[in-house]
Amino acid sequence: MVPLWMYLMVAASLFCIGVYGVLARRNAIAILMGIELMLNAVNINLVAFWRYQTPLALSGQAFAAFVFVVAAAEAAVGLALIINIYRRRQTVIAEDVDLLKW
Amino acid sequence: MDITVESIVFLIFSVITVGGGVLVVTTRNLFRAALFLMLSLFGVAGLFVLLAAPFLAGVQVVVYIGAIAILIIFAVMLTPQVTHTQGRNTQWTAGLVLAVILFLMLISVVTPIAEELGLDDWSAGFTQDDPADVPDGSLTELGRALVDPERYMLPFEVASLLLMAALIGAVMLVRPEDTRPRETQPDEAQPAAEHTREQLSSSTGD
Chain G
7 MVPLWMYLMV AASLFCIGVY GVLARRNAIA ILMGIELMLN AVNINLVAFW
57 RYQTPLALSG QAFAAFVFVV AAAEAAVGLA LIINIYRRRQ TVIAEDVDLL
107 KW
Chain R
33 MDITVESIVF LIFSVITVGG GVLVVTTRNL FRAALFLMLS LFGVAGLFVL
83 LAAPFLAGVQ VVVYIGAIAI LIIFAVMLTP QVTHTQGRNT QWTAGLVLAV
133 ILFLMLISVV TPIAEELGLD DWSAGFTQDD PADVPDGSLT ELGRALVDPE
183 RYMLPFEVAS LLLMAALIGA VMLVRPEDTR PRETQPDEAQ PAAEHTREQL
233 SSSTGD
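Protein chains in written order, with the numbering used here: chain G, 7 to 108; chain R, 33 to 238.
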């Protein structure tokens, strides 16, 4: 079988790519895509640990399912916020939305 | 590690996942980035199949690729594209350095590289490479566990509540603007009333 640390390595690289996307992109939708990548990295980790460490318990798969739910809710509300901001301020660039900046 | 069929399939899916992810954060055209996001999510679904979690792979395809990625594409198409400007902000080098440092730290802990370099007690010791078989009926057991009051029923119900709240919140956020004049703030009531009159005259004009 493929050793566990290889799955962890794929998940770590996907998470760091997501971190870079969140920090470096200007468009708010692209930032949301980076968050999706990070959530997927977490899911890979959860399922890999379930498979290799506790295949008899189901907590890994159950937690991954809850991560799906949270990701769906996050995407829906996040995109609604972005569309609402675009409607009010005609921009989706994150640094142009500085209403709360003092 | 021997070169087996499984390791080759793992390599293919991990290259799809990581390569798709890199293209997501580097492509300037957001629509293409969303398509690469779908590719990356598909690779994750393949990794789930390799990890003997076919249910989660199916959910990944249906929920992530079928719903979330399509939602993102909708949002991309509903907002204008600023392709002439930079896709990266001014702090992107700092972000890149931070991501690379984070990656190296994670790699040094989760892989056996540190021990090969002679650093004892640094690696987390995830050395499992031949896990026990998943028992038959694992999927049935997962379904029971999600509605078992002793186990995950409360988180399951809270998750359904969260989805409901997110649904209502999303609908509330993008609902059309209220065209009636507001009575609480008199300075805003005047333009709102004009707005209504314009809409009324345009609708009667049709």
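These aren't lab readings, by the way, just hints derived from the structure by calculation.
Hints may contain errors.
Stated by the list, open to error - Here are some, though not all, of the chain G residues that point toward chain R, as calculated from beta-carbon distances under 8 angstroms:
1. Ser-19
2. Ile-41
3. Leu-43
4. Gln-67
5. Ala-68
Unchecked claim - Ranges of calculated distance between the beta carbons of each label pair, as one might list FRET restraints:
6. Asn-90(G) - Met-196(R): 16 to 22 angstroms
7. Phe-106(R) - Gln-96(G): 44 to 50 angstroms
8. Thr-60(G) - Pro-181(R): 17 to 23 angstroms
9. Ile-102(R) - Gln-59(G): 20 to 26 angstroms
10. Leu-105(G) - Met-185(R): 28 to 34 angstroms
11. Val-190(R) - Leu-105(G): 28 to 34 angstroms
12. Leu-105(G) - Leu-134(R): 28 to 34 angstroms
13. Gln-59(G) - Thr-36(R): 20 to 26 angstroms
What the hints assert, rightly or not - According to the in silico footprint, chain R covers these stretches of chain G (three or more CB under 8 angstroms from chain R):
14. 51-60
15. 78-90
Just so it is clear, CB atoms sit at the ideal spot from N, CA and C, and this is done for glycine as well.
Is it true that Leu-105(G) and Met-185(R) lie within 28 to 34 angstroms of each other by Cβ? violated (42 angstroms)
Cβ distance range 28 to 34 angstroms for Leu-105(G) and Leu-134(R), holds or violated: holds (30 angstroms)
Take the stretch 78-90 of chain G, compare each residue's beta carbon with every beta carbon of chain R, and decide whether three or more fall closer than 8 angstroms. holds (count 12)
Under the criterion of a CB-CB separation shorter than 8 angstroms, is Ile-41(G) in contact with chain R as hinted? violated (11 angstroms)
Close enough to count: is the Cβ of Leu-43(G) nearer than 8 angstroms to one in chain R? This interface hint holds because 5 angstroms falls under the 8 angstroms limit.
Using the C-beta atoms of Asn-90(G) and Met-196(R), is the stated range 16 to 22 angstroms upheld? Hint holds: Cβ distance 20 angstroms, inside 16 to 22 angstroms.
Cβ-Cβ distance between Phe-106(R) and Gln-96(G): within 44 to 50 angstroms? For Gln-96(G) against Phe-106(R), whose Cβ atoms are near 19 angstroms apart, the range 44 to 50 angstroms is violated.
Regarding Ile-102(R) and Gln-59(G), is the given constraint of 20 to 26 angstroms on their beta-carbon distance met? violated (34 angstroms)
Satisfaction of the Ser-19(G) interface hint, Cβ to chain R closer than 8 angstroms: holds (5 angstroms)
Do the beta carbons of Gln-59(G) and Thr-36(R) sit within 20 to 26 angstroms of each other? Given range 20 to 26 angstroms: holds, Cβ gap about 22 angstroms.
Supplied distance hint 17 to 23 angstroms, evaluated on CB atoms of Thr-60(G) and Pro-181(R): Holds, since Thr-60(G) and Pro-181(R) (Cβ atoms, about 22 angstroms apart) stay within the stated range.
Does Gln-67(G) hold up as a contact with chain R if the rule is Cβ-Cβ below 8 angstroms? holds (5 angstroms)
In summary, the numbered hints that this structure violates are 2, 7, 9, 10.
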